[in-house]
Structure formats: C-alpha cells, structure tokens
Amino acid sequence: MTQEDWVAMTVTVQLAALTSAILLAACLPLAWRLSRSQSRWRPVIEAVLALPLVLPPTVLGFYLLVLLNPDAFLGGLWFTLTGDALTFTFSGLVIASVIYSLPFMMQPLLGAFDTIEEETLEAAASLGCGARERFFAVVLPTSQRAIVAASLLTFAHTIGEFGVVLMMGGNIPGETRVISVVMFEQVETLQYSGAHQLAAALLLFSFLLLLLVYGVYRPSRRRAV
Amino acid sequence: MDRLHCALSLQKGAFDLAVDLSIAGSGVTGIWGPNGAGKSTLLRAIAGLERRVAGRIMWQDRCWLDSDHGVSMPVEKRPVGIVFQDARLFSFTDVRGNLEFAHRRAFAHHNGMPFQQVLRTLRLEHLLDRNVASLSGGERQRVAIARAILRRPQLLLLDEPLAAIDVNQKAEFVDVFRQLTQQLHLPVLYVTHSLDEISVLADELIILDDGRVSAHDKIQQAVLRIDVPVLQRRDDAVSILDAKVAFHDPAMRLSHLLVDNEPLLVPIITAAPGERVRLLVHARDVALSRALQTGLSIRNQLPALIESISDHPDATYADIILSIGEHRLTSRITRAACRDLDLREGDAVYALVKSVSVTQRHLSLPVSF
Numbered sequence: 138m139t140q141e142d143w144v145a146m147t148v149t150v151q152l153a154a155l156t157s158a159i160l161l162a163a164c165l166p167l168a169w170r171l172s173r174s175q176s177r178w179r180p181v182i183e184a185v186l187a188l189p190l191v192l193p194p195t196v197l198g199f200y201l202l203v204l205l206n207p208d209a210f211l212g213g214l215w216f217t218l219t220g221d222a223l224t225f226t227f228s229g230l231v232i233a234s235v236i237y238s239l240p241f242m243m244q245p246l247l248g249a250f251d252t253i254e255e256e257t258l259e260a261a262a263s264l265g266c267g268a269r270e271r272f273f274a275v276v277l278p279t280s281q282r283a284i285v286a287a288s289l290l291t292f293a294h295t296i297g298e299f300g301v302v303l304m305m306g307g308n309i310p311g312e313t314r315v316i317s318v319v320m321f322e323q324v325e326t327l328q329y330s331g332a333h334q335l336a337a338a339l340l341l342f343s344f345l346l347l348l349l350v351y352g353v354y355r356p357s358r359r360r361a362v
Numbered sequence: 010m011d012r013l014h015c016a017l018s019l020q021k022g023a024f025d026l027a028v029d030l031s032i033a034g035s036g037v038t039g040i041w042g043p044n045g046a047g048k049s050t051l052l053r054a055i056a057g058l059e060r061r062v063a064g065r066i067m068w069q070d071r072c073w074l075d076s077d078h079g080v081s082m083p084v085e086k087r088p089v090g091i092v093f094q095d096a097r098l099f100s101f102t103d104v105r106g107n108l109e110f111a112h113r114r115a116f117a118h119h120n121g122m123p124f125q126q127v128l129r130t131l132r133l134e135h136l137l138d139r140n141v142a143s144l145s146g147g148e149r150q151r152v153a154i155a156r157a158i159l160r161r162p163q164l165l166l167l168d169e170p171l172a173a174i175d176v177n178q179k180a181e182f183v184d185v186f187r188q189l190t191q192q193l194h195l196p197v198l199y200v201t202h203s204l205d206e207i208s209v210l211a212d213e214l215i216i217l218d219d220g221r222v223s224a225h226d227k228i229q230q231a232v233l234r235i236d237v238p239v240l241q242r243r244d245d246a247v248s249i250l251d252a253k254v255a256f257h258d259p260a261m262r263l264s265h266l267l268v269d270n271e272p273l274l275v276p277i278i279t280a281a282p283g284e285r286v287r288l289l290v291h292a293r294d295v296a297l298s299r300a301l302q303t304g305l306s307i308r309n310q311l312p313a314l315i316e317s318i319s320d321h322p323d324a325t326y327a328d329i330i331l332s333i334g335e336h337r338l339t340s341r342i343t344r345a346a347c348r349d350l351d352l353r354e355g356d357a358v359y360a361l362v363k364s365v366s367v368t369q370r371h372l373s374l375p376v377s378f
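Chains Z and R supply the protein sequences, listed in that same order.
Residues 138 to 362 (my numbering) are what the first sequence spells out, left to right.
Residues 10 to 378 (my numbering) are what the second sequence spells out, left to right.
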C-alpha cells in the first residue's frame with residue numbers, strides 16, 4: 138500500500154474509533170432509558186433512531202450538508218464557537234458518522250436491555266443498589282456481550298462508510314479522505330491493482346471483525362433464574 | 010421489644026389491601042392465606058417494592074413510610090433481606106459472585122453471621138463455583154437466602170420460598186431454614202399458601218383474606234380460629250402441639266413424647282430426650298371416645314376436655330376443639346357421631362390420635378402410624 142493509503146487508513150481508523158466511543162457513551166444511558174420507558178412515544182423514538190439503517194447514505198449526507206454548512210444555523214453556530222467549519226472537516230465527519238452508525242450501537246443494546254427483567258432489578262435494589270448502581274453493577278455486566286458486539290459492529294460499519302463521507306467530507310487527504318473513498322478513486326482512475334489490495338484488506342478485516350462479533354455475541358442461553 | 014408497625018393500604022386494580030399490623034421483632038411470623046389474598050403484595054409493600062402505598066410503616070424507631078408526610082424510604086435503604094419465590098439470582102456471575110454482591114453491600118451497623126458460617130449453615134460450600142443456571146430449585150433458594158442474609162438485614166422477608174422446589178427438597182429446605190433462624194436471631198416474615206409448611210416454621214401467624222387481616226395470633230392459637238372463614242372453608246383443619254421427648258424405645262422403634270404430661274407415642278425420632286419438638290395434627294386424624302378404649306390398635310389416647318363445638322346445620326362434619334392442659338387439639342368427626350355421643354362443651358373425652366407430623370430441631374418429616 139502507498140503512503141497515501143496509509144494516511145487514509147489512519148483517518149478511517151481514527152474516525153471509526155472516535156465514533157464508536159462517542160456512540161457507546163451516548164447510547165448506553167439512552168438505550169437503557171428507552172428500554173425502561175413505557176411511553177407511547179417509544180415506537181416513534183425507536184423509528185427515528187433506526188432511520189439511518191434504511192435511509193440511503195446520500196440522503197443522510199445531503200441533509201447533513203444542508204444543516205451543517207457554515208451558512209446554515211447549526212453549522213454557523215459551530216463556526217462561531219470554534220472557528221471551524223463542519224463540512225469537509227474531520228469534526229464534521231465524526232458528527233456524520235455518529236448519526237450514520239447510531240442504529241448499529243443502539244439496536245444490540247436495546248435488544249439486550251429489553252431482556253433484563255424488572256424482577257432482577259428488584260433483587261438488586263433489595264441488596265442495596267440504587268438506580269445508578271443497578272445500572273453499573275447489574276445491567277452492564279449482564280449485557281457485556283451485547284456491549285462488545287455493538288461496539289465492534291459500530292466500528293466496522295463506520296469503516297465501511299462511503300456515501301455520507303462523500304457528501305459531507307469530500308476527499309481531503311489526512312482530514313476526510315477515508316479508505317473507501319481512496320478505493321473509489323482508484324477504480325475511477327482504473328488503478329485496479331491498488332483497488333484489489335484495499336478491497337481484499339477490507340474484506341478480510343470485516344470478516345475477522347464479524348467473526349469476533351459472532352464469537353462473542355452468541356444468542357444468550359443464560360437467563361435470570 | 011422492637012416491633013414492625015405497619016398501617017397501610019394500597020389499591021391494585023379491583024384488589025385493595027388494608028392492614029394494620031404490629032409484627033414481632035423476633036421469631037418467624039407466617040403470612041398465610043388463599044391465592045389472591047394479598048400476601049405477596051403486603052410483603053412487597055413492607056419491603057418498599059410497591060408503589061402508591063398509603064399509610065405508615067415503622068421499624069423500631071425508624072420511619073420507612075409515612076405517606077401523609079411524603080416519606081418513603083426506597084427499598085435499597087430499608088434494612089430488609091428479601092427472598093423471592095423465583096430466587097432471582099444474577100446470571101452474569103456464579104454462586105460466589107451472587108453472594109459477594111450482597112456481602113460487599115452489607116449493612117455495617119448490624120452484627121451478621123460471618124460469610125463462612127452462612128455457607129456452612131446453608132450447605133453451599135460445594136456450590137460456590139457453579140453457574141446459577143445449573144442449580145436445582147432447592148439449591149437456588151438456598152443461595153437466594155444466603156444472599157439475602159449476607160446483606161445483614163434487620164428483617165428477613167420470604168415470599169413463597171418453597172413454591173419452586175420439588176417435594177424431596179422441601180424437607181431439607183425446612184430443616185436448613187429452621188437451623189438458620191435459630192442461629193440468626195433475625196425476625197422473619199414468611200409468606201406461604203401452605204399451612205403445613207408454615208405450621209412447622211412459624212411462631213406467629215397472620216391470616217390474610219381478600220386484602221384484610223382475619224387473624225393474627227400465636228400460630229397454635231391462630232390455626233384453631235374457627236371463626237375465620239378461610240379456615241372454615243378448608244377441609245383439613247390442623248392443630249399444633251408442642252411436645253417434649255421423654256425417652257425412646259428402640260426395640261419397638263417408638264419415641265415417647267409428653268404433651269402436657271400426657272404420653273404420646275410416635276415412630277422413633279432422633280431428637281434427644283428433653284428436647285422440644287413440634288407436632289402437626291390433622292383434625293381428621295383425631296377421633297373421640299367417651300371412655301378409654303381397649304382392644305384398639307390406636308395407642309395414643311389423650312384425656313381432654315371439650316372446649317368448643319363448631320357445628321353447622323348444613324355441614325357433614327363438626328369441628329371439636331379440645332383442651333389438653335394448655336394445649337389445644339382439633340378433632341373433625343361427623344355431626345351424626347357428635348349427636349350420637351351427645352357431646353357437649355365441658356365434657357371429658359379421650360382424643361384418639363391416629364397420625365401426627367413431628368418436626369424436630371434437625372428434622373422435619375411427616376410420619377404416619
């Protein structure tokens with residue numbers, strides 16, 4: 138791989154790692170709140186959170202471009218605060234990725250949290266755990282497989298991001314040029330050998346990651362007894 | 010003595026619970042009643058697991074609930090240990106992890122049983138590294154009790170702990186539980202729908218019916234309450250006798266007990282002479298006779314006085330409460346027999362006891378003879 142490829146790889150991995158970390162921190166409490174919610178709005182919230190799953194990345198990227206460019210309200214606000222634009226920058230890409238990969242963190246967590254029974258939480262409360270401690274001492278350890286799986290899936294999905302990046306980030310080396318964009322460019326310019334290398338590397342990487350996910354996240358046979 | 014005072018009410022759909030109780034601060038208090046009587050709801054309200062409970066709960070000088078003043082101590086702050094019907098062990102860890110979870114969060118202010126002694130008493134040493142999913146029903150409940158005790162509560166609450174246990178393991182559980190309560194000096198509230206089970210365990214009994222307390226008394230007295238409709242509706246009235254072991258007759262495989270100085274023979278038991286045992290006698294196993302019988306296979310004939318006769322005109326059977334010294338024994342005979350023998354209150358009769366259940370300190374098993 139060329140020096141350029143390595144730079145793109147570094148940007149990609151940084152983007153995926155940061156996105157996963159942000160999503161993990163945000164989704165753990167969010168998914169827990171949602172899973173315990175009996176609000177009639179829950180389906181609406183779930184549908185909104187799952188939107189990035191089905192929306193074409195270009196649609197998502199387009200709306201983000203419209204919302205986050207420095208002339209728009211949100212983008213302008215950010216520009217005033219930081220002096221930086223959110224379009225065609227790494228920061229903007231992180232925000233886009235967080236939205237793009239949100240369901241991949243949210244769904245496994247929600248699935249795992251939904252299986253935790255109120256009865257188990259009552260038992261924890263009777264052993265001295267307040268609401269916070271119930272979450273950290275019971276909910277998290279019970280859901281650890283799902284948490285690892287959700288993080289890996291989010292990481293992998295962000296690595297494979299293309300459409301949103303192209304709309305939002307463009308192709309700036311060392312800033313927004315990610316591996317999938319590099320590969321797209323190589324194909325466009327008929328550099329098939331480079332494309333082959335990257336494609337094979339991504340394929341292998343994705344497979345290994347999924348192997349890890351399914352190795353860790355077997356459907357749980359252990360239940361509260 | 011320290012007591013638990015609770016005057017509370019709570020509405021759950023069509024069901025409402027309203028009780029005013031002062032519960033002993035030591036010993037085992039049974040809460041018994043038919044399904045849907047509100048036993049578990051009462052226990053959960055005391056524990057702090059029910060919402061929208063109105064009233065007051067006081068434990069010693071601490072207020073757990075005072076709805077008039079907006080006081081409601083959350084469950085995690087109340088010094089209670091709860092054993093649920095379904096054990097509710099944590100599946101993310103093993104038996105040891107479950108126990109240490111509680112031990113780490115033990116109340117500091119109360120003298121509790123050391124970790125190793127809890128393990129020994131509940132016979133858990135060999136189970137420590139087991140996955141909780143691999144435990145039997147009885148093992149699960151023993152772990153659940155150990156977990157509740159390691160929290161070092163001041164009050165232990167059990168909700169139908171035997172419901173998910175098969176018959177063979179029940180005797181062992183009762184045995185272990187009795188040893189435990191004797192060592193712990195911890196007041197226990199024990200919810201069950203089985204009168205047999207609670208008879209061998211409890212000191213006091215609260216009878217709950219349709220959300221109301223219909224009796225609260227020493228268990229020996231409470232089971233005799235023929236004015237209580239739920240007891241009337243049962244077709245197997247029981248009485249509880251406390252007896253002392255006099256001596257054993259190994260040749261005949263019999264143990265001689267004394268009930269208020271009257272001899273009573275039971276199949277041989279292991280309790281030492283001088284030890285106290287508890288007898289559970291079903292009313293249908295007690296026949297009456299005007300005179301001491303000879304030529305009869307029944308060995309146990311206790312002289313008794315008829316204290317009261319409950320005799321419904323539309324019933325087949327009559328329940329006769331007898332007094333043997335300070336003990337009370339119920340006999341269920343047909344109303345026809347009662348009429349033919351012309352039994353009246355105050356009459357002297359002999360109670361012919363066909364069968365008893367004996368509960369010893371280390372053993373609980375029903376025996377027939």
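Treat the hints with care, since some could be wrong.
[Stated by the list, open to error] Below, a list of computed lysine to aspartate or glutamate pairs in the EDC-like style, where the Cα atoms sit at most 16 Å apart:
1. R/21 to R/284
2. R/86 to Z/259
3. R/86 to Z/270
4. R/363 to R/284
5. R/253 to R/284
6. R/227 to R/244
[Claimed, not checked] Listed below are several chain R residues computed to face chain Z (Cβ distance under 8 Å; list not exhaustive):
7. 95
8. 99
9. 160
10. 297
Just so you know, these hints were derived from the structure itself, not from any lab.
Note that beta-carbon positions come from the ideal geometry of N, C-alpha and C, so glycine has one too.
How the hints compare with the structure:
no.: 1; hint: R/21 to R/284; verdict: violated (46 Å)
no.: 2; hint: R/86 to Z/259; verdict: holds (13 Å)
no.: 3; hint: R/86 to Z/270; verdict: holds (13 Å)
no.: 4; hint: R/363 to R/284; verdict: violated (23 Å)
no.: 5; hint: R/253 to R/284; verdict: holds (6 Å)
no.: 6; hint: R/227 to R/244; verdict: violated (22 Å)
no.: 7; hint: 95; verdict: holds (7 Å)
no.: 8; hint: 99; verdict: holds (7 Å)
no.: 9; hint: 160; verdict: holds (5 Å)
no.: 10; hint: 297; verdict: violated (49 Å)
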